[in-house]
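Number of protein chains: 2
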Amino acid sequence: MRSYDKFLSRAGDVMRESAIRRMGTVLAGADDMVSFAPGYPAEDTFAWAAFAEIARELLSGADGKVLQYGPTRGHRPLLDAIAGLMADRGIHATPEQLVVTTGSQQGLDLLARVLCDPGDVVLMELPSYVGAITAFRNIGTSLVGVRQDPDGINLDDLMETTARLRREGANVKALYLVPNFQNPTGLLMSLEKRRLVLAWANREDVLIIEDDPYRDLFFPDCTSEAETRPISADDTEGRVIYLSSFSKTLAPGFRIGWVSAPAPLAAKFEMAKQAEDLCSGALDQRVVYEACKRGVLARQLPLLRAHYQHKRDVMIQAVERELHGMMRWPAPRGGFFLWAHLDVPVDSETLLTHAQALGVIFVTGAAFFVDGRGSEHIRLSFSAPPPERIDLGVKRLAAAVNAALDSRTTAPAAAGPARS
Amino acid sequence: MRSYDKFLSRAGDVMRESAIRRMGTVLAGADDMVSFAPGYPAEDTFAWAAFAEIARELLSGADGKVLQYGPTRGHRPLLDAIAGLMADRGIHATPEQLVVTTGSQQGLDLLARVLCDPGDVVLMELPSYVGAITAFRNIGTSLVGVRQDPDGINLDDLMETTARLRREGANVKALYLVPNFQNPTGLLMSLEKRRLVLAWANREDVLIIEDDPYRDLFFPDCTSEAETRPISADDTEGRVIYLSSFSKTLAPGFRIGWVSAPAPLAAKFEMAKQAEDLCSGALDQRVVYEACKRGVLARQLPLLRAHYQHKRDVMIQAVERELHGMMRWPAPRGGFFLWAHLDVPVDSETLLTHAQALGVIFVTGAAFFVDGRGSEHIRLSFSAPPPERIDLGVKRLAAAVNAALDSRTTAPAAAGPARS
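Line order of the protein sequences matches chains A and B. Okay, so the first sequence: first residue is 580 according to our numbering, each after it adds one. Okay, so the second sequence: first residue is 580 according to our numbering, each after it adds one.
Because the hints were derived from the structure by calculation, they are not lab data. Heads up, the beta-carbon is just placed ideally off N, CA and C, and yes, glycines get one too. Don't take every hint at face value.
Computed spacing ranges between beta-carbons, pair by pair [as the list claims (entries may be wrong)]:
1. B:582 <-> A:922: 48 to 56 Å
2. B:635 <-> A:666: 31 to 39 Å
3. A:872 <-> B:635: 16 to 24 Å
4. A:666 <-> B:581: 19 to 27 Å
5. B:698 <-> A:666: 40 to 48 Å
6. B:965 <-> A:872: 27 to 35 Å
7. A:595 <-> B:782: 32 to 40 Å
8. A:909 <-> B:581: 37 to 45 Å
9. A:663 <-> B:965: 34 to 42 Å
10. A:936 <-> B:663: 35 to 43 Å
11. B:663 <-> A:593: 32 to 40 Å
12. B:885 <-> A:584: 44 to 52 Å
Covered by chain A, per the in silico footprint, the following chain B stretches (three or more residues, Cβ under 8 Å) [stated by the list, open to error]:
13. 582 to 596
14. 613 to 624
15. 642 to 651
16. 663 to 669
17. 826 to 832
Assemble the whole structure, with the sequences as input and the hints as a guide.
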């Protein structure tokens with residue numbers, strides 16, 4: 580058989596590889612590459628000794644369920660621990676409202692499947708998280724972008740866009756938001772705007788999907804925990820579906836995230852998960868639970884804030900030194916990302932080609948825009964590389980910008996004699 | 580908000596809880612229940628000491644990637660190890676043809692999404708695996724059943740059904756099969772029939788989905804490894820998509836399975852997996868890989884065959900003793916299941932009600948039939964309970980049959996005076 584096209588579903592036919600995951604492949608094949616591409620947490624911050632001790636106890640064989648199939652909803656003690664974390668965030672969630680997911684990514688996928696038919700509209704910020712874009716696109720959802728200000732989504736654009744879509748007969752199901760240290764911009768939505776967005780959703784009868792993986796990683800030198808209060812905490816109508824994860828705070832390799840939703844929706848997410856993977860990893864769930872119970876997570880958080888805040892400083896100092904006048908960026912107040920706008924006449928794809936050749940990678944802006952824009956932006960993740968590699972990577976990036984500018988001016992001339 | 584119906588997709592609206600997973604919930608809430616319901620492997624057979632030692636080494640922190648995000652395809656050394664296992668089964672599979680999945684269940688879900696649009700037809704045996712039924716139903720696939728003989732699918736019915744469907748204009752995409760120790764019947768498809776089914780698929784231009792989780796668990800007293808040769812091993816046209824798993828041989832809690840498919844389809848499964856969970860558990864994949872590399876898996880297999888063969892003996896002796904004349908069943912030649920036909924005028928749902936009250940559960944037959952039949956069948960999993968619990972459970976089951984028969988004859992009388 581030469582072609583399998585006739586066997587593909589419409590969804591299968593249009594599936595494409597994510598730009599970020601493709602960068603992961605580039606990275607895997609290169610030795611000295613500095614990666615600002617995937618938003619990986621720093622491995623040297625993981626609580627290795629605590630995890631080893633917990634795993635040792637769990638794998639004694641005393642409790643056979645540690646490696647058995649488990650409930651689709653999740654390991655009950657972990658659900659209770661998550662309810663406790665939710666309470667710390669100001670959100671009342673009973674176990675009937677919670678589902679453990681195989682990473683937050685599965686939560687997004689379950690939402691997309693349970694909520695959206697092809698053609699249904701989900702609104703999202705311009706730019707927004709590429710994993711959410713992919714999950715909704717795989718269902719055939721129509722993603723419509725809304726402008727973003729430094730303090731979060733632009734409410735005028737949100738209202739105008741919704742009104743326009745409704746006039747056109749669209750079924751606007753939900754608004755997807757990452758209010759805390761957004762991926763890719765690093766922006767923090769103001770508390771006032773959160774209130775206004777919730778009021779808008781109640782008025783317009785639209786669900787809010789609040790994706791909150793970075794909430795614990797605010798930078799204390801400029802941001803207080805109070806400023807990260809989730810929209811869901813003030814939701815009195817069951818309007819908000821909230822997602823979070825242990826991937827950025829404990830480790831992504833466990834693949835443990837969660838969804839909190841009104842109980843009838845949580846029940847549907849559980850059914851969708853049954854068909855998708857039966858249950859999340861049994862050992863992984865128990866390690867994460869024990870890390871919550873034993874205070875490992877609580878002890879990690881201040882260390883992680885200091886760690887990533889320091890890397891943010893190193894990154895900002897490096898780009899100010901090396902790329903002054905060539906880029907601008909909003910200062911991140913938490914999370915993993917510096918979102919840079921190119922102030923030179925070089926598009927981000929061209930820059931990436933030069934950067935890769937010089938030993939540094941990042942994600943080009945277009946991956947995060949549902950409206951085809953983004954070629955003037957790049958996302959630089961400063962979370963994983965150690966400080967000296969951040970410095971080196973930014974030096975290479977500056978060299979790449981210069982190389983791109985040079986090739987732009989010399990390319991027409993070089994095309995002639997250089998080949999002779 | 581009272582109702583979320585208007586926010587559900589068509590798929591979300593029709594999603595239902597699986598009968599097997601529901602039994603898992605019953606089980607979780609009961610202390611002395613004997614469970615013949617979910618097909619759980621026996622926890623006391625897991626290689627606890629080996630897993631503990633492997634986890635200890637992996638969690639030393641020497642290799643940060645042990646808890647990091649990883650490639651969507653899977654941990655490369657694990658993919659190579661799986662290619663080796665496939666070669667042992669007679670199947671040549673390159674890493675380009677393999678995708679590690681979060682359990683075999685995810686493989687089924689990825690297949691369903693990549694291959695099927697609503698209304699596309701997938702053929703499957705009557706009865707067949709409920710997890711496959713659910714995965715395809717969630718996409719809106721039209722599942723059409725084909726009769727099954729003791730040596731596997733009935734070829735005449737397969738050909739007639741396909742011809743009929745084609746006349747009706749249906750798009751017959753694939754045939755789903757579990758040739759080795761089928762779930763739920765325990766049947767083994769004959770080698771001759773495997774050859775004929777493959778020839779049929781090539782002739783009719785239909786894909787075969789070969790689901791093979793039980794292959795290693797043949798019972799040596801009646802079955803040879805040669806009799807388990809996968810259909811995929813003789814596939815020269817790229818016609819077969821093959822799924823398997825470490826859940827029955829190492830442990831299900833790791834949630835590690837795999838799909839082997841022609842490279843263009845494997846690439847699509849990888850893209851679908853990106854949106855579904857980014858990657859499977861990093862630690863889990865490495866524990867499984869090390870268990871392959873260190874010979875743990877190879878040492879487990881003969882032990883597991885003896886273990887489950889012995890439990891099959893205990894189960895058969897118990898049902899012959901306690902339920903003689905009330906049920907009949909094909910003798911399992913491998914795997915986890917006894918598939919019993921009720922020879923008494925009691926339907927399986929009624930029997931389950933009585934059984935649950937008497938402290939034993941199983942899965943009712945209807946869950947496995949896509950044509951609404953199955954009320955005369957029950958699936959008894961003998962894999963998890965220890966021998967004395969199998970005996971106890973079958974005694975309770977016999978009591979439940981008698982109670983069901985009694986209530987059937989006494990019910991009309993009891994309805995009168997008993998309430999007065």
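Contradicted hints - numbers only:
Violated hint (a single one): 16; every other hint is consistent with the structure.
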